[in-house]
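**Q** Order-wise, the sequence lines are chains A and B. Going by our numbering, the letters in the first sequence line up with residues 1 to 306, in that order. Going by our numbering, the letters in the second sequence line up with residues 1001 to 1253, in that order.
Just so you know, the hints here were simulated from the structure itself, not pulled from any lab data. Values in this document were obtained by computation on a predicted structure and should not be read as measured data. A hint or two may mislead.
Only pairs whose alpha carbons sit at most 16 Å apart, straight line, appear in this in silico EDC-like list of lysine to aspartate or glutamate [unchecked claim]:
(1) B/K1113 - B/D1199
(2) B/K1157 - A/D289
(3) B/K1083 - A/D296
(4) B/K1157 - A/D296
(5) B/K1081 - A/D289
(6) B/K1083 - B/D1138
(7) B/K1081 - A/E132
(8) A/K267 - A/E99
(9) B/K1113 - B/E1201
(10) B/K1081 - B/D1138
(11) B/K1109 - B/D1062
(12) B/K1109 - B/E1163
(13) B/K1083 - A/D289
(14) B/K1113 - B/D1052
(15) B/K1109 - B/E1064
(16) B/K1039 - B/D1052
(17) B/K1081 - B/D1142
(18) B/K1109 - B/D1052
(19) B/K1109 - B/E1201
(20) B/K1113 - B/D1128
(21) B/K1156 - A/D296
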Amino acid sequence: MQIYLPIAEMSVNVFLILGLGSGVGFMSGLFGVGGGFLMTPLLIFLGIPPAVSVGTEAAQIVASSVSGVLAHWRRGNVDIKMGLILTVGGFIGSFGGVELFKWLRQAGQIDLVIALCYVVFLGIVGGLMFIESVQSLFKKPKSEAEMKAAKVAGWKEKLPFQVHFARSDLHCSVILPLALGLLVGVLAAIMGVGGGFIMVPAMIYILGMPTTVVVGTSLFQIIFVTANSTFLHATRNHTVDVVLALLLLLGGVIGAQIGAKMSVRLKGEQLRVLLAVIVLGVCIKLGIDLVSVPGDLFTLGAGGKH
Amino acid sequence: MKRLILSLALALGLVPPALMFGRVPPAMAAEPLVADLSKHLVAITTGFAGTDVLLFGAVEGDGEVVVVVRGPNREEMVRRKDKQAGIWINSGAAHIRNAPSFYAVASTKPIDKLAPTPVLERHQIGLDHLDLEIDSTDAAADPGQYRDAVIRLKQKKGLYGTETLPVSLLSHRLFRTDLHFPANVPVGTYLVEVYLIHDGEVVSAQTTPLIISKIGIGADVYDFANQQAVAYGILAIVLAASAGWLAAIAFKK
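Could you put together the complete structure from these sequences and hints?
**A** Listed below in structure tokens is the structure:
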């Protein structure tokens, strides 16, 4: 059954999109990640224009983060103060990111920049995750993370505007979460992701937040930052397709619930190795596409709308 | 909806073809060529997956029938990739100012056997004879490459015909052909030009407009997204957030 997407201006198979939504939803339920880093490249691969993929995926992440944060909220695992400061940084970042996106799109380099961001950030995060989880599969000690935290503690205390975060039981300069929020905000707007895969490790290793509040706080700020980039993509670029977003949502919701139930039966380390392999797989695929000779050296440019 | 009414008026032939087509010989008592479409409006609805439009008509006298379907011109941007520092980067670009957004030719005979090149070029019959204005800023590739590229890329999207489609001619009088429009067909006012060619000359021609327009929910969503972007953006967020919230409640147990 075909359905016409009014903004993407093409028709797609309903069941394909529902399947894609539930597949990625399943993964995000299983691993506790947003899944944007899988969904956006897959949508582009299906032939949805990259700009529409990124804009629409931002709307879908709003939904999955709202859905995900509620459980953490009930358990009190959201550091609201930290979340709000990250959101302020994220807002500024997503404004900059969407403007950058618009500019790159006109310059014809948006596809390249999206692909490069994916290769670099998925490579770093996937690589670190892989090494760490393989180590923890074979070895017991977990001192490495503590050592890293201790190493950065020195310069962190010298920064001005130190604030106490009661929920995280943490003293830290406002500059750190603001800068982190800003960086992730830019990336979220350009890559069509929530940025949890960068935010979560950064919160643990750079901010030194306790792991119990990390996921809830990350989801909390992702809601606002992706809501802002959805709004900006809709108003500045006209690239948010609500029909596509609703289809992805429908599949995603069901998939995520099944995934979350499955994850209880698997061990944490095994899950992380698996996730690292998937992240690295996406990274390698996009990397190969960048260096291998394209099927056609010429492309019809984007930005020719209307 | 005003746009639609205007489009329909155009489709129903309120604009005389002669206005659009200066070279038509003056109307005679017996029209040498009459043609019409099975429908003058292609509605892109939510379930749209491409459509066929039947073109039919009759000719008086000898000759071959050629049909050209042309979508509204738009400016296209073609970019060329080059390897820089190991990766393939868009390095050159050209604007093509007057590329038809859709182009297909149907004919009773291969077109190059019908008329000499100047005649085909004058009427822009056939992809080889399209008058494309290529504005290239790329010194490393010649405009011809960009011309080939835009045609090839449009063909890959199914928007330019890869071959001349057949027109069936019944007892040298009645003709018909099926025009196919794929799901990704651009919207706008199309012109379906029918030529009667005899002895290498166009002896008669007729132009019929065909409107391709988004209708229904899809069209409303598109208009809303473009005309009231702020409200659309807010609605998209509210929709997404409430869907997520509903999902969490529904699966809470």
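**Q** Hints the structure violates: just list their numbers, smallest first.
**A** Going through the list in order, the structure violates hints 2, 7, 8, 14, 18 and respects the others.
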